[in-house]
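Visitor: Sequence:
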Amino acid sequence: MKMKLTYVLAGIAFVLAMDAAALEVGDIVGCVARNNASTATLDSYQEFLIGNASTPNPLKVQEGDDRRLGSADLLEAQSFASSTMSSYLGSGNVYAQTFSGGVNYVGDLVGSEPSSGVILIGAHIDSTQNHSGGSSAPGGADNGTGVAGLLEAVRVLSQYEYEKTIRFVVFGREESGWDTDTGSWQYMQSLSDEEQAAIVSMTSFDMVGYNHEGNNTATLCIEDDTGLEWQNQFAVAITDYTTLELDLTKTSKWSDHHAFNEAGITSGLLVEELNDGNWPENPYYHTTNDYVIAADGSFQTLEDGTTPYVDLDYATEMTKATVGWAATQAEVIPEPATFAFMGVFGAGFFIVRRFFLI
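Note that the sequence shown covers residues -20 to -1, 1 to 338 in mature numbering (1 follows the signal peptide of the UniProt record, and there is no 0).
A couple of the hints might just be wrong.
SDA-like mimics (lysine to any residue), calculated; alpha carbons at most 25 Å apart, straight line [stated by the list, open to error]:
1. K233 <-> E155
2. K233 <-> N255
3. K233 <-> P263
4. K230 <-> H111
5. K233 <-> E203
6. K233 <-> Q176
7. K230 <-> D220
8. K233 <-> E261
9. K233 <-> W158
10. K230 <-> D159
11. K230 <-> W158
12. K233 <-> W259
13. K233 <-> R48
14. K233 <-> N212
15. K230 <-> L208
16. K233 <-> G81
17. K230 <-> D205
18. K230 <-> N110
19. K233 <-> G157
20. K233 <-> T108
21. K233 <-> A215
22. K230 <-> E209
23. K233 <-> D204
24. K230 <-> H192
25. K233 <-> S172
Label pairs and their calculated CB-CB ranges [to be verified]:
26. E56 <-> D276: 20 to 30 Å
27. L55 <-> Q176: 20 to 30 Å
28. E174 <-> N255: 38 to 48 Å
29. S115 <-> A215: 39 to 49 Å
30. D256 <-> A215: 16 to 26 Å
31. H111 <-> D256: 15 to 25 Å
32. L55 <-> N110: 18 to 28 Å
33. G113 <-> Q139: 38 to 48 Å
34. W259 <-> E315: 38 to 48 Å
35. E93 <-> G44: 42 to 52 Å
36. P36 <-> E174: 40 to 50 Å
37. S34 <-> P263: 28 to 38 Å
Rather than coming from a laboratory, the hints here were simulated on the basis of the structure.
Computed from a predicted model, the values in this text were never measured in an experiment.
Ideal placement from N, C-alpha and C gives every residue a C-beta, glycine not left out.
Please put together the full structure from these sequences, using the hints given.
Guide: Below is the structure:
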């Protein structure tokens, strides 16, 4: 009887531990905030994107701003991103990786078992207006929305512990150049073979704010079959933790996941809706009109004059998906730990009583 009871309790402990982990991911995702006007600090998706009264426009996504390579606005946005990561991860866990033509900022949320691997979230912070010309490139959707999502993910994920390390990289160059010129490629080249092999999976968080026709579409782009595992992982997170509609039919190498795919790492691109030619439906893509805030401080709208260009609710859902994916893949450590043990003891007493009754 004692052996039978031991097996039963062990089984209950396993089930409760699994349930606790699942509940924990849901709790983490629930911490993602669209807006938090109750505090003066920047601690929500909207505030990381456009700031507040005390810290306006930290990512330089206003009409007339210019985050092209070498610009003062890019340097200011990078400084904000790196200091925000440092405030949540600790300054000792954030560093600048300088390369010819730019700088990447890398931050680690170190896992309890660092040798078990790295889950990586990346977003490029530079911009372009090569489809329209002009002297400004505010890059609101591309890719202010992705950087804001990354920073909100840093804020939320850093409140918990994980077995694997979660790494956040703000890539300094994606829009100008290709392959060896990009920040993601330069980042991968800076790693040893062992360090590259430690990266288990990677998400490129790139253009997540324009909600085409209100379809709430989350496009999971992969380059080839190397990305299928990532796509499957991410699809589960979207289904479990968001209200988004999935599109798994698109392929693309035109983002920072490309460098990781080339290294054999399962990776992909989370992006707003694409057309059948794998091109963004976004009407302001790579133009001077890709801004979130107008010069007068109002929100940029579409041609109808009323629909916001960047849908903050939609972008928040995209951020929830990324947080859910990362927390699951990094294997969140359920807390408080006593919850699972108390559950086991409580269930154990019930089982003992049931055996005596039998």
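Visitor: Of all the hints numbered above, which does this structure not satisfy? Sort the numbers upward.
Guide: Violated hints: none at all, because every hint is consistent with the structure.
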